[in-house]
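Asks: Chains as they are written, first to last, in this note's numbering: chain R, 335 to 449; chain G, 179 to 569; chain D, 75 to 323.
Hints are computed from structural coordinates only; laboratory data are not their basis. Model, not experiment: these values are computed from the prediction. Glycine is no exception: its CB is placed at the ideal position from the N, C-alpha and C atoms. If a hint is listed, it holds; no wrong ones were tucked in.
With a cut-off of at most 25 Å between alpha-carbon atoms, the simulated DMTMM-like pairs for lysine to aspartate or glutamate come out as follows:
1. 362(G) - 132(D)
2. 237(D) - 297(G)
3. 440(R) - 234(D)
4. 416(R) - 383(G)
Label pairs and their in silico Cβ distance ranges:
5. 494(G) - 271(D): 35 to 43 Å
6. 536(G) - 448(R): 57 to 65 Å
7. 421(R) - 179(D): 39 to 47 Å
8. 355(G) - 288(D): 15 to 23 Å
9. 114(D) - 494(G): 49 to 57 Å
10. 117(D) - 370(G): 32 to 40 Å
11. 244(G) - 448(R): 55 to 63 Å
12. 132(D) - 244(G): 28 to 36 Å
As a plain string of letters, each chain reads:
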Amino acid sequence: MVLEIYAYQCKKCGQLHYPFRMVCKKCGNKEPFEFDTVPLPKNGKLLTFTTVHNLPPDFNVAKLTLGIVELENGMRITGQLKVPSPKIGMAVSGKVEVVREAEYSKNFGMVFYPA
Amino acid sequence: MREVYVVGIGITSFTRLEYPLSEIAAYPAMIALKDAGLSKVDHVYVANMGSARANHQTGLASAVVDTLSLTPAGAEVIENGPASGASAIKQGFMAIASGLHDTVLVTSAERLREVNNLEATDIVASLSHPLAEYIYGVTLPSLAAMFTRLYMQEYGVTERHLAMVAVKNHDNALLNFFAHLHEKITIEGILDSPEAMTNNPYVAEPLRFFDCCPVSDGGAAVILATAEVAKQLNKPMIRLAGVGQATDTHCVHERAEPTDLLAVRGAAAKAFQMAGVSPSDVNVAELHDAFTILEIVESEEVGFFKKGEGHLALERGETRLGGRLPINTSGGLKAKGHPVGATGVGQAHEIVLQLRGEAHKRQVEDARIGFTCNFGGFGNNVVCLVFKREN
Amino acid sequence: MAVDLEKILRPVDNPVPPFPPKYMMLAGGEEMVIRQVTREEIPDILQHVEPLIHVERDYYDVVAARLYSELLAYYRYRVQDEYVLVAQIDGELVAVVNGRLLSKDVGMSYHTVALRRGLRVGAHAFATKMEYHLDIIGQKEVLIVAESPIGFRRWMIEYELEKRFQIAHELGGVPSWALTKELFNRARATLVVGRRPVPQHLLEKAQAAILPPTDPPKAPADLLAATRSLYDSTGTALMSQRWKQEGKA
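Full structure from sequences and hints, please.
Replies: Structure representation (structure tokens):
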């Protein structure tokens, strides 16, 4: 089963939002839940990144690389990077995987690999 | 709107404090009340961010107002992340300007060191978007680091510039009794020497240990009042002349321009407009340097320097003590410390001290207009204040 | 008779290469020398460790008490294969680290005490200890425990130590962790810092005398009520504001 991360598209004007908003930021559409779910594209280019050494709890690794990716449709997403030598502007491709695991909860999110 | 004056100030050491949280808020309040010559106030605001999680205390303001025996005055906690302090001052301003109250105590406290470092990092990380940022392991330093990397690429800021901010602020803090860190650092020690990588390791690349502020406990208080009350004191009249606030997208990745801090720009513009002054009139400023990059970028966004030229002004020495526009004479968040909810009030405390002429070795000569920028979240909620000396 | 008894009571140390002194620059620009001390210098160190036994915060009390006993045992020839390294800035004692060799291949790290806060003095001293065990003596691994949460965060998590919970550390049965040669090699870039040889003038100053620490950790003035500032354990920071208002300066 291929997992997706969804953007929310205003039913009135078609504006895409990620993450979720209750009110369309373009046309002000306030009808409750008048948004369609649209899967985010998985390919994009790396806008910026960092390797974090001081991690929050739940992460049992010594360091973690995070990045902001500009996807094909112009939207941006924050995700984890599994890229050996990240460079600003490089092409990356994402997969939805487990990004954080605590004792009783698993969080799924976008992980980017070299395209 | 009535004019609002600062009539009393008080502060604790920013360090690790082993008092209960309500006492950390009460102590500077007592000093401020003494400073103002008041024994009662009409209302109390308490700025704090983490009391529910780190200190297991909710309803902090109710505890503080009673500890100070100021009941039955009304009291609330104002929480706006790291901008809680300036937000609380803004609330006090509104209460007096509107005519509702004549005297307001704005105190603040934070005691994140009651919990261990991992927990404190997590509490601060909860400022990020729960589904689009937090789950990935985003921490505030990681957001600042990604921003820094882009800024370095676009405007040519280097690790050396960041280190210069840290060294300047550490030097200033050596002159500030209440500062958290009284540690002299040198560019050689933290950047050039062969041991620099161990002295100054990466926290979130490219930000290093000395680019990030410490976790501090502490509290600060100011008392706001009408002109009538201020005239009765035998002290310079310091007016809170301008208050401005602006917000931006919650997720850092959704910002319109990834290298802009629009909330800082908007909040500063509103504050200057209300005060009727422009950035070039400011004599001394306290900017929110939770990360050294922020001092540089905020100095541009509030209007002191052109966008992308803040680091050049730093190189020319314009922002150090004795320069054209000293920034963070207290040592800034980097060296004076960052008790998250209390920082905004701490910044106001320093500016009032400067405008009153009581900053001793840190005194900026003839300081008449001061400015603070209190940066909430990672730039999604910013409150700026402008102070003027009226006599 | 006394000499024969001493022969039985005194453990015989195995030969080990001495620690070659090194120096490094700290964040504040000062140069710190780390060198090995012999038994003659232990009394000089003991007098600076003793006050820390009464500092009841950050585990200074338990660490100092244990370090004191280890140093004293070393001095009185009642422990086998122990070494003591000191870190000095301008002759002033800023850190003491010690440990011993459990066997030819396994080392046992005892303690690391920093007598000057900040500036990563403790981190440098600990790393130097590891370098001594693994690089200079040539052991395969070092067993480590942490009494303080700060130590735990720094060493266990940052260096990804291996758990050896089935081995009770000599310090008192708390779970041991191990720094293997492999982990050490991986972290070498950040772990092994410092330069050799130490410039003559720095080494002479360090060897001349062990000077008292100028700003050691102090016990808080009043556990319950005082504002305990790192640099103001008397609570003067708050009181000074009050004094100013009362016209007392």
